[in-house]
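Trainee: Residue numbers (numbering that gives the first Met the number 0), protein chains in the order written: chain A, 0 to 234; chain B, 0 to 234; chain C, 0 to 234.
Source of the hints: derived by calculation from the structure; they are not laboratory data.
Since the structure is predicted, the reported quantities are computational estimates derived from the model, not experimental observations.
Beta carbons: idealized from backbone N, C-alpha and C, even for Gly.
Please note that a few of the clues may not be correct.
In silico PhoX-like links for lysine-lysine, alpha-carbon gap of 20 Å or less [to be verified]:
hint	chain 1	residue 1	chain 2	residue 2
1	C	K30	C	K9
2	B	K186	A	K186
3	C	K186	B	K186
4	A	K186	C	K186
Output of the computed footprint for chain A on chain C, the stretches with three or more beta carbons under 8 Å from beta carbons of chain A [what the hints assert, rightly or not]:
hint	segment
5	111-122
6	129-137
7	160-169
8	204-216
Label pairs and their calculated CB-CB ranges [what the hints assert, rightly or not]:
hint	chain 1	residue 1	chain 2	residue 2	range
9	B	T151	C	S219	49 to 57 Å
10	B	F15	C	T151	32 to 40 Å
11	B	G107	C	R189	39 to 47 Å
12	B	G107	C	V12	43 to 51 Å
13	C	Q80	A	G14	29 to 37 Å
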Amino acid sequence: MIHPTAIIHKDSVLGFDVEIGAFSIIGPNVKIGDGTIVEERCSIGANSGTALAVSTSIGSQSVIRSGTVIYGGVVSGPLLQTGHNAIIREGSRLGEQCSVGSGSQLQGGSLLGDRVRLHSNVHIGAGVRLEEDVWLFSNVLLTNDPNPPSETILEVVVHRESVILAGSILMPGVTIGPRSVVLPQTKVTRSFETEGELLGGVPARSLGRAEDIKLYDNRSKPAYPWADRFPSEGT
Amino acid sequence: MIHPTAIIHKDSVLGFDVEIGAFSIIGPNVKIGDGTIVEERCSIGANSGTALAVSTSIGSQSVIRSGTVIYGGVVSGPLLQTGHNAIIREGSRLGEQCSVGSGSQLQGGSLLGDRVRLHSNVHIGAGVRLEEDVWLFSNVLLTNDPNPPSETILEVVVHRESVILAGSILMPGVTIGPRSVVLPQTKVTRSFETEGELLGGVPARSLGRAEDIKLYDNRSKPAYPWADRFPSEGT
Amino acid sequence: MIHPTAIIHKDSVLGFDVEIGAFSIIGPNVKIGDGTIVEERCSIGANSGTALAVSTSIGSQSVIRSGTVIYGGVVSGPLLQTGHNAIIREGSRLGEQCSVGSGSQLQGGSLLGDRVRLHSNVHIGAGVRLEEDVWLFSNVLLTNDPNPPSETILEVVVHRESVILAGSILMPGVTIGPRSVVLPQTKVTRSFETEGELLGGVPARSLGRAEDIKLYDNRSKPAYPWADRFPSEGT
Chain A
0 MIHPTAIIHK DSVLGFDVEI GAFSIIGPNV KIGDGTIVEE RCSIGANSGT
50 ALAVSTSIGS QSVIRSGTVI YGGVVSGPLL QTGHNAIIRE GSRLGEQCSV
100 GSGSQLQGGS LLGDRVRLHS NVHIGAGVRL EEDVWLFSNV LLTNDPNPPS
150 ETILEVVVHR ESVILAGSIL MPGVTIGPRS VVLPQTKVTR SFETEGELLG
200 GVPARSLGRA EDIKLYDNRS KPAYPWADRF PSEGT
Chain B
0 MIHPTAIIHK DSVLGFDVEI GAFSIIGPNV KIGDGTIVEE RCSIGANSGT
50 ALAVSTSIGS QSVIRSGTVI YGGVVSGPLL QTGHNAIIRE GSRLGEQCSV
100 GSGSQLQGGS LLGDRVRLHS NVHIGAGVRL EEDVWLFSNV LLTNDPNPPS
150 ETILEVVVHR ESVILAGSIL MPGVTIGPRS VVLPQTKVTR SFETEGELLG
200 GVPARSLGRA EDIKLYDNRS KPAYPWADRF PSEGT
Chain C
0 MIHPTAIIHK DSVLGFDVEI GAFSIIGPNV KIGDGTIVEE RCSIGANSGT
50 ALAVSTSIGS QSVIRSGTVI YGGVVSGPLL QTGHNAIIRE GSRLGEQCSV
100 GSGSQLQGGS LLGDRVRLHS NVHIGAGVRL EEDVWLFSNV LLTNDPNPPS
150 ETILEVVVHR ESVILAGSIL MPGVTIGPRS VVLPQTKVTR SFETEGELLG
200 GVPARSLGRA EDIKLYDNRS KPAYPWADRF PSEGT
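Next up, chain A with everything else stripped away, as it sits in the complex (with noise of 0.2 Å):
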């Protein structure tokens, strides 16, 4: 259903039983795929600045939570989730089953893998790419500039299952290798970019293995890297 005080541009193409909830706006060249719900009070593809000739896509069965702000340009698969007040720029690219959640915010040019996930207040700047089933926690921070203020942009790289812990902060330039762990509150400044390394540390040093780190309620199985626990999901 289309609230009637949505407003949706002509030139946007909904699909089959989408729900667009109230006081959203739709604007043009947007499509949305079947039975993807639009909460109230969303905007996509609609903001001052974007060309009205970028096309913006959000796959099918989405969730987009109130208050989120998708731009002109990106591009989402499938079975996206947003939380409240998600933000995601221009020309950002989302694979399938991602989750942005409330008040995250990706910067334009992002490029996430499929489940990628973003809990609350992650906050990423531009050029940043994380590789499928990578998970960034609350409030971390993904910078980019060197200089800051400046126009120079070092990509921030995080590969496959890794996941980063609440609070931390990775500088411009970092790549973290995959199926590892950075621990809640860690600076990183420099790449780590062997397999399934526990990080740790102001500034991040190496801890360890991932898989030093035992269930909380099995002491006996590790518990990273994390995919392994999910043996229905991940890769």
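For chain A, the structure is supplied; the task is to place chains B and C on it using the hints.
Mentor: Coordinates of chains B and C only, in the frame set by chain A:
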């Protein structure tokens, strides 16, 4: 006054002198107490995925500021104050005179006693219990998952009249005793259950007694427990 | 263009070529300068609790992005830019060309000089003075209460052309001298008033001179003071 653009479900009950601002949405089975002001662009009890049969209640004389989202199943006592874009999720219970600052997020099932105050951008994971007169200052983060991502939730508890100062993080399962002070930017990794502790550091350790902190403008008086400075408030 | 769903108080004054987006609210005694764009779902000068007689002014050629809340009594010079869901509270004064990023909050009575820029999720307590060309990066927090909760406010001052990098916190009453650099994740607990300091650590200490930081892509040039790299901007 109910603004003509507000959308009020027919199965909601608004008390005497309730104001509902423009573009706000009041869902089914929502009860709002006498004299409460809901500013513009709020959603109360209206989120997708909330069972329609769940009842939601906001006490009298509350002020719900613009952009606030309160899920179905939340119950709050009178005199609730929210900041802009506050989010209170399903099943949370709040006592009277609570305050949830701008951008703060309470995940589902949180329990807040009377006069609990959250400043701006506080984030609280599911399964938290804050006793009466607890204050959490800006950017405080309460986590709950010992092996993120997992389905295990370890409850965080803060006992009465304690304050958690800006930017601190409490790790899953931590308990803070009553009338304690957690200094800014502290990372609390284990429980401190003694009354009146002064905690600081990464990781947190006891730095003495809360009463060791003297008032800035009257060094002969202890600043904590804070409730002793406000005799007309508190229990 | 004024969107037909926008609510414009009759006692407001909109300049030439002003645009007001859908579902936005412009309150009484608000003046908006020529060519300013107010996107969708903003509130300017319309909050409950603001005296109706208070006047609010947004300078010309500004861009107020969706979800921004500007309280009554705010005065901003021309070319203001806000991000989504920015909050500028009562009585704040902003010079020209200021920027308040997405999710950032200025509490009441803040004073910002010309060209002050706040990135995303910056939180500024009441009683802050930021001189011209100061930049605060993402998640920076400026506090003001020496004994939270109390009614005492100690002003935080950042002098001209200084930068406070991501995730840093300034404690109540702190002054930062001009043309200084506060490194990411620093906790500044006392004043550093000398010009051109390089500050870092928890707690902050002087690590040398700001000019000791060289440009990432040209190690023969100092990166700071930053304004020297932008000769066409700055004073």
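Trainee: The structure should be examined with respect to each hint, and the outcome stated for every one.
Mentor: Against the structure, the hints:
{"no.": "1", "hint": "K30(C) to K9(C)", "result": "11 Å, holds"}
{"no.": "2", "hint": "K186(B) to K186(A)", "result": "14 Å, holds"}
{"no.": "3", "hint": "K186(C) to K186(B)", "result": "14 Å, holds"}
{"no.": "4", "hint": "K186(A) to K186(C)", "result": "14 Å, holds"}
{"no.": "5", "hint": "111-122", "result": "holds (count 3)"}
{"no.": "6", "hint": "129-137", "result": "holds (count 3)"}
{"no.": "7", "hint": "160-169", "result": "holds (count 4)"}
{"no.": "8", "hint": "204-216", "result": "holds (count 4)"}
{"no.": "9", "hint": "T151(B) to S219(C): 49 to 57 Å", "result": "53 Å, holds"}
{"no.": "10", "hint": "F15(B) to T151(C): 32 to 40 Å", "result": "38 Å, holds"}
{"no.": "11", "hint": "G107(B) to R189(C): 39 to 47 Å", "result": "41 Å, holds"}
{"no.": "12", "hint": "G107(B) to V12(C): 43 to 51 Å", "result": "45 Å, holds"}
{"no.": "13", "hint": "Q80(C) to G14(A): 29 to 37 Å", "result": "35 Å, holds"}
Consistency note: the structure conflicts with none of the earlier hints.
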